[in-house]
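Asker: Letter by letter, the chains look like this.
There are 2 protein chains.
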Amino acid sequence: MKVIIVGGVAGGASCAARLRRLDEKAEIIMVERGPYVSYANCGLPYHVGGVIEQEASLLVATEQMFRAQFAIDCRTRCEVVGISPKQKAVELKNHVSGEVTTEKYDKLVLSPGAAPIRPPLPGIDLPGIFSVRTVPDARNIREWLERGVAAGSCINTYTGFQTVTKPKRAVVVGGGFIGLEMVENLVHRGLEVTLVEKLNQVMPPLDPEMARIVERYMVKHGVRLELNDGVAGFQQSTDGSLEVLTSAGKRHPADIVILAIGVRPETALAKMAGIEIGQRGGIRVDEQMRTTNPDIFAVGDAVEVRDFVTGQWTLIPLAGPANRQGRIAADVIAGRDSRFRGTQGTSICQIFEAAIAQTGASEKILAQLGEKDFEKIYLYPNSHAGYYPGAKMLAIKVLFRKSDGRLLGAQVLGEDGVAKRIDSFAMALQMRCTIYDLEEAELCYAPPFGSAKDPVNFAGMVAANILRGDVPLGHWDSVDGGFLLDVRNPPELAVESVPGAFNIPLPQLRARLGELPRDREIHVFCRSAQRSYYATRILLQNGFEVRNISGGMLSRSMVVAK
Amino acid sequence: MKVIIVGGVAGGASCAARLRRLDEKAEIIMVERGPYVSYANCGLPYHVGGVIEQEASLLVATEQMFRAQFAIDCRTRCEVVGISPKQKAVELKNHVSGEVTTEKYDKLVLSPGAAPIRPPLPGIDLPGIFSVRTVPDARNIREWLERGVAAGSCINTYTGFQTVTKPKRAVVVGGGFIGLEMVENLVHRGLEVTLVEKLNQVMPPLDPEMARIVERYMVKHGVRLELNDGVAGFQQSTDGSLEVLTSAGKRHPADIVILAIGVRPETALAKMAGIEIGQRGGIRVDEQMRTTNPDIFAVGDAVEVRDFVTGQWTLIPLAGPANRQGRIAADVIAGRDSRFRGTQGTSICQIFEAAIAQTGASEKILAQLGEKDFEKIYLYPNSHAGYYPGAKMLAIKVLFRKSDGRLLGAQVLGEDGVAKRIDSFAMALQMRCTIYDLEEAELCYAPPFGSAKDPVNFAGMVAANILRGDVPLGHWDSVDGGFLLDVRNPPELAVESVPGAFNIPLPQLRARLGELPRDREIHVFCRSAQRSYYATRILLQNGFEVRNISGGMLSRSMVVAK
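If you read the protein sequences in the order shown, they are chains A and B. Take any residue in the first sequence, count from 1 to its spot, add 22: that is its number in the working numbering. Take any residue in the second sequence, count from 1 to its spot, add 22: that is its number in the working numbering.
Note that the list lumps identical chains together, so a pair holds whenever it fits in one copy or between two copies.
With a straight-line Cα cutoff of 35 angstroms, these simulated DSBU-like cross-link-like pairs (lysine-lysine) come out:
#  : residue 1 : residue 2
1  : K475      : K110
2  : K220      : K190
3  : K126      : K475
4  : K242      : K414
5  : K386      : K293
6  : K386      : K475
7  : K386      : K220
8  : K424      : K47
9  : K414      : K386
10 : K414      : K475
11 : K47       : K475
12 : K242      : K475
13 : K424      : K475
14 : K293      : K475
15 : K475      : K24
16 : K220      : K475
17 : K475      : K115
18 : K242      : K386
Think of the hints as simulated: they come from the structure by calculation, not from any bench. Just so we're clear, the structure is a prediction, and the values are computed from it rather than from any experiment.
Let the hints inform the model, and build the full structure from the sequences given.
Answerer: Structure representation (structure tokens):
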């Protein structure tokens, strides 16, 4: 058995190592076009930011280790330049010697990854414009940032010396994971950062109202946020610095530009092999990571996989699934019946002191698919018991099926305990749990770590109240025509009030029911929707038509522009 | 409908508030013997330690709030002194006025909690010996610590003034949750602390080898640990300070003693009502929290519940289950079909910079029940990607069924990411997942938060390797008679080696197979069991009989006494 694995990072390296463990006799060749295998590309932004100081820290495993420990014929700077599926052979080009050789295979595994999108814009190849994909990319950016550039330099008229200044102004193009991580790390290095994003929100997988909170953290840290505006081109100024030109006609001066518009599956080899490419542009594979050619497998960022919740084909350029897919391909090649279960899109991104995380479907994906059988809730619990110091408010959005309560997705944002909650949701989602299961979940509690009712329980309780019919749900975007009832206390209204809302503090509600209309639906709210939940129960049981506005004033700050 | 709820803290308060939300018309009386309702008893140790500065922070809800917001007749300093189940009536004693009144009920809910065990030892009532259950308890301890005590005082021979010194030496009796939290908080306040524990380990729900790590944190922070020794009595010295006398005949001087031996369900009322008490000493209830009297419910620390994994009756004095039980009792009283699913015993405890957490069954519980169909593994992954600063090693023990891979329990200890992992395990356990599900779990990953293969995935992979027969498992306590093979590198052996073990560094293994015996089972190990896993696969495929010692040298440090 001879297996050639193309690509030596997450998916390819996992596949190679796993295959060796399963089959001591197999001949395994792993080729990697770049100089490094198995490096931590997720760490690149943090290396640029200096958080990860040593480049060597990023090199999780080396070519030498693959050879010595796994007896794998690992070849870096080696590229597959031709495939003949009929002959089951590839042409390998050694980029050091220039030599091209042919190798036969029994099974071929494609793990070429996805390449940063570099649109053919005017000026795209100017010096100072970088993508962030490889260790050399990060090295080039660091050198550019450290060396100082002529841009912004001037002759000191007193001394006559030319002062070379370090880059001060960065423009990051694209507000996805890499873009946001680069923004944070460039701010961390002291640069003035402008983020240009074509869409009306950062972090496209998120629902826009959740992205608003992310955007606030950006602004808080001095980032200039330019949404709804794409990049039209780049120019070099007379002083050598760059200008980023936008579709809206703006010009953003920059000493460095980071392109983080997204990635595109590397499918050149797949096309060469004549295997099917999906509609999303990724290599089409079955659950066993087999392409339409039974002797060719594909894994990682280059493939389309099924979304676990929606069943749709999707591209998920994330390291976790790539690793699992690599293992699965190895299993199948070794004769086992492993299957990829699809992806939940579980992800997390650090945003300065906060983190934003997600698992499962977003509202906008469900809406795109025409799905009607779902509901959404917002909640804002503390990350741990409020009476213990350091508790931070979490913003949580949960999507669930109305018909059976099945959890569909969750988005969590905050400065503490975010990863913990998204992992609970992710595990629950994987096990096809309902919001009733979340209600009953027994999660850990001690004051520094959680609450007797964990935010995950709380989400289940809020959702279950809705599905059991105990609490008709309202949202700020559908309050029109209703009677707005604010059950907060007067000092809270003094800080911020809602125009046209009638105020009865909760403790007075039972005594003042006569002041409320019986011919109109009452939309009740408070700060977070807890007291308004109590009010909703009181009003319902007294015969009023009522809805509790999910997330109260805290949700309003997300959906109502200020 | 008139409902009387006895006890106004976790279970009782949850029940009362929930019942009001479900039934606006019900007459609800909640009586609490102490001065406060709904206080954060889990926060008491941290209030003693000064981490939670204000006593008021602990008062989550007040009597006034229950009256105003929930229209609940909330009565503090009011105790049930008699029950007549036939008349469906209770006698209430007002501890302020001394008045005793009779109230009829339709449904009665008992939520009396559990009382700290105070064995009738000589000297148990001496001043300076405290339990930690109520807000006044914490206040008394703080006063004792702040006021200064005569103990240790002396006349300054130069000034002639008597110097009253603050307590310096504390003895904590009992190494469970409260005991450990009190130890930490007393150390935090600068006291010299001795912990006396009758068992051979702290934290009795843990398996002893995991408790060893907890004990090391204690010792690291200067705590004197006295295991295997119970308290025999207390004496007052001539200078007014205390001495704790132990069964082994030791005397530990103390300026303050904290009793944290455990709690005992408060069943006096239940006995008065003639309802069944279980063999563990708690009130017997069904899944709907109904006692053997259909009009009397019981919730919280006073009841026995089913263990979710073992099906055994158990006592779980934890806030999360108490809250859920309170809700369930309210639901059932309001005519709904809610059911308690049993407890997983999910818990967490901060141990200085570390945390120890647990969910599901321990090995010792399974052993006690005579269970044979289970296996255990140890692993020591990083809390997040090792290349990102701040990663800490986690110690994880996972128990699972051999026959079908069902997850049975997990214990996690470390300085970062513990709560996150135990909650993933807890959610998985609740959903009856297998270790194969853990393998495929899609948890969040970005360098500051996790790894592409999360520790939870890693646990699943290690366990699945065993059940699939890929890796025969070994443990240090069963290596006798085997051939010990150490596949670490020589510099690692120089730091610590295992007597009698033969060393072949992993990269040399394939070339040196001839040096290994074919007539004896080889027990292979490395630092963490990863390289020895690779070695195991190589040896197995070359026809050797081999076992991979779970957790390698890191496990050895737990089970082999130093």
